[in-house]
Every structure is written in structure tokens, then in C-alpha cells.
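With the hints as constraints, model all of the structure from the sequences given.
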Amino acid sequence: MTVGQKIKRFRKRAGLSQLSLELAIEASPGSLSRIESGKVNPTKETIVDIATALELETKEIASLFGIEVYDNHHLFEETTRILSTHNLQEVLDMAVDNLIFKMGYPASCIFLAKGDHVSFSALTNSNLSAKALACLDKPLSSLSFSLTKDTSNLTVKAIKERKVYLTYYTREYTVPAITVETADRIQEVTGDKSNIIYPLFTDDEPFGAIVYVKNVVSDFKDERETLRVISKQIAVAIQNARKFESLLNTASKPQV
300 MTVGQKIKRF RKRAGLSQLS LELAIEASPG SLSRIESGKV NPTKETIVDI
350 ATALELETKE IASLFGIEVY DNHHLFEETT RILSTHNLQE VLDMAVDNLI
400 FKMGYPASCI FLAKGDHVSF SALTNSNLSA KALACLDKPL SSLSFSLTKD
450 TSNLTVKAIK ERKVYLTYYT REYTVPAITV ETADRIQEVT GDKSNIIYPL
500 FTDDEPFGAI VYVKNVVSDF KDERETLRVI SKQIAVAIQN ARKFESLLNT
550 ASKPQV
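If you're matching positions, the sequence shown starts at 300 in the working numbering and goes up one per residue.
Bear in mind the hints are in silico, worked out from the structure with no lab data behind them. Just so we're clear, the structure is a prediction, and the values are computed from it rather than from any experiment. Some hints could be false.
[To be verified] Computed list of lysine to aspartate or glutamate pairs in EDC-like fashion (alpha-carbon distance at most 16 Å, straight line):
1. Lys430 with Glu504
2. Lys413 with Asp449
3. Lys401 with Glu460
4. Lys305 with Glu376
5. Lys311 with Glu354
6. Lys358 with Asp521
7. Lys401 with Glu376
8. Lys492 with Asp518
9. Lys531 with Asp449
10. Lys462 with Asp503
11. Lys430 with Glu389
12. Lys462 with Asp396
13. Lys430 with Asp483
14. Lys305 with Glu359
15. Lys462 with Glu376
16. Lys430 with Glu524
17. Lys343 with Asp396
18. Lys456 with Asp415
19. Lys448 with Asp415
20. Lys520 with Glu356
21. Lys542 with Asp483
22. Lys401 with Asp449
23. Lys492 with Glu325
24. Lys311 with Glu321
Here's what the structure looks like:
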């Protein structure tokens, strides 16, 4: 079954006409007909918009990318590719844009701690994320939490306690880096319905967290073990890249 045929099946199941779905995703008239007939291939951003509008499950979203969420061979290939990368920003981008996105999660965010500050370090590059960024009045990179002061924030709690947290509210893992009003607005425009936060740590030292986002209400019950393993591999890749970059910086310094 082609991507277009799958989209058509999901659309009909939801009881929507092509026009109704085009309006929901703000697509031009006739574009869905071309996608469903196989004349054009949808971009990953369009797939995410369609998945959000139709409230598809994680496995269904993954199927539109030709990937099964629990395909161990695919997960091994993706994590191996990330682990072999020594540039920190490339590791972060590959994790959110390739691995996690193609697992069927429409958005994810990686937070990294440095001293007392926890910063937004990577966000899925998609139309969904663009809608979230449009709600901000300052760059994402300028936003942060305090590990010592913002103790009720779930991202901070996940890092400090090395525990997994589940929430159905964007505000619970983003405030006070952004206001409650902004967080609620982001949740409204993105269709964020479920979020699970995994701590990032190696050798028992926590240094960040990953938030996995779904646009359907879910407790992530069937995915938790997979996400635990994936989060651990991403943590190792991040630390390896940090060590490699530190060695490069040391080697590049002039000898006295």
C-alpha cells in the first residue's frame, strides 16, 4: 500500500472529505487528491500535519514513513549512525529529526544541563515545531530553567530525580522558561496531547532530558521500554560527542 493509499484509508476512517482535511492542514485545494492518487509524495511536514488532523496513533504515523515503531533492525541502524557521529549538534539534530521523528513522534525536544541552567538544545524540524516557535517572543536557544529554583518543572524533576514523567499539559515541562499562557497557546496550535519525559544520564550522572510528544491521548505503556533504550543510546552519543569535541579543543590549543 502506498503512502497516499494509507492516508486515504485513515481519512475515510475519520469520516473526512478531501476538502475537509485540506482545510484542516491548510493545504491548497486538490493537493490531497494528488497525494492520495500517488501523483506527488507528501513532505514529512505534510505527513505530520495530516497525522495531527486525523489524530493517528504512533504506529500509524510511523507506517506513513514506511517504518515500524518496534522494528529492532531499523532502530539499531539509526542508533548506530548517531553513535558514530562526533559532532554534538549533529547528534542532537539526528536524534530528533531522524530517529525519533521517524519512529512516529511528531515532535521531540532535547534539554541539556550546564551548571544550574537547563537549555532547549534541539527541537524537531517540522511544521508542527514551526507553529510552536511562532508563539515565542524570543529565540528558543535563549530559554532555560534553573535546576535549583524551578523544582516543580517536570523536565527539571526528570533530570534531578532520574525518573520518567508523563504529562498531558505542555505547561508542566516548559514553564517558567515560557509563560503559562504561551505554553497553553503552543498546546492549542500544535495539538500536543501527551508527553513523556526521559532523563539523559551516563555513569549515573544526569545531564539532560528528552520529551517525546504525541498528538493523541496516550500513557505510552507499550512504548516505554523502547523509549528507555533509545534515550540511553542518545545519552551515550551525546556524551561521546562532548568528549570528542573537548579533545579537539584541547588539541587545537597552542602549546606553551
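A quick look at each hint next to the structure:
1. Lys430 with Glu504: Violated, at roughly 34 Å.
2. Lys413 with Asp449: This hinted pair holds, its Cα atoms lying about 15 Å apart.
3. Lys401 with Glu460: It is violated: about 29 Å lies between the C-alpha atoms, which goes past 16 Å.
4. Lys305 with Glu376: 25 Å, violated
5. Lys311 with Glu354: 13 Å, holds
6. Lys358 with Asp521: 11 Å, holds
7. Lys401 with Glu376: Holds, because 12 Å separates the two Cα atoms, which is no more than 16 Å.
8. Lys492 with Asp518: 11 Å, holds
9. Lys531 with Asp449: 25 Å, violated
10. Lys462 with Asp503: 12 Å, holds
11. Lys430 with Glu389: Since the Cα atoms of Lys430 and Glu389 sit roughly 23 Å apart, the hinted pair is violated (cutoff 16 Å).
12. Lys462 with Asp396: Violated - the C-alpha atoms of Asp396 and Lys462 are around 24 Å apart, more than 16 Å.
13. Lys430 with Asp483: 13 Å, holds
14. Lys305 with Glu359: Since the Cα atoms of Lys305 and Glu359 sit roughly 9 Å apart, the hinted pair holds (cutoff 16 Å).
15. Lys462 with Glu376: Not OK: Lys462 and Glu376 at ~27 Å, beyond 16 Å, violated.
16. Lys430 with Glu524: Status violated; Cα separation ~30 Å.
17. Lys343 with Asp396: 10 Å, holds
18. Lys456 with Asp415: 13 Å, holds
19. Lys448 with Asp415: Roughly 9 Å separates the two Cα atoms, so the pair holds.
20. Lys520 with Glu356: 13 Å, holds
21. Lys542 with Asp483: Distance ~38 Å between Lys542 and Asp483 Cα, so the pair is violated.
22. Lys401 with Asp449: 32 Å, violated
23. Lys492 with Glu325: Answer violated: Lys492 to Glu325 is near 20 Å, above 16 Å.
24. Lys311 with Glu321: 13 Å, holds
The structure fails hints 1, 3, 4, 9, 11, 12, 15, 16, 21, 22 and 23 (numbered hints given earlier, in ascending order).
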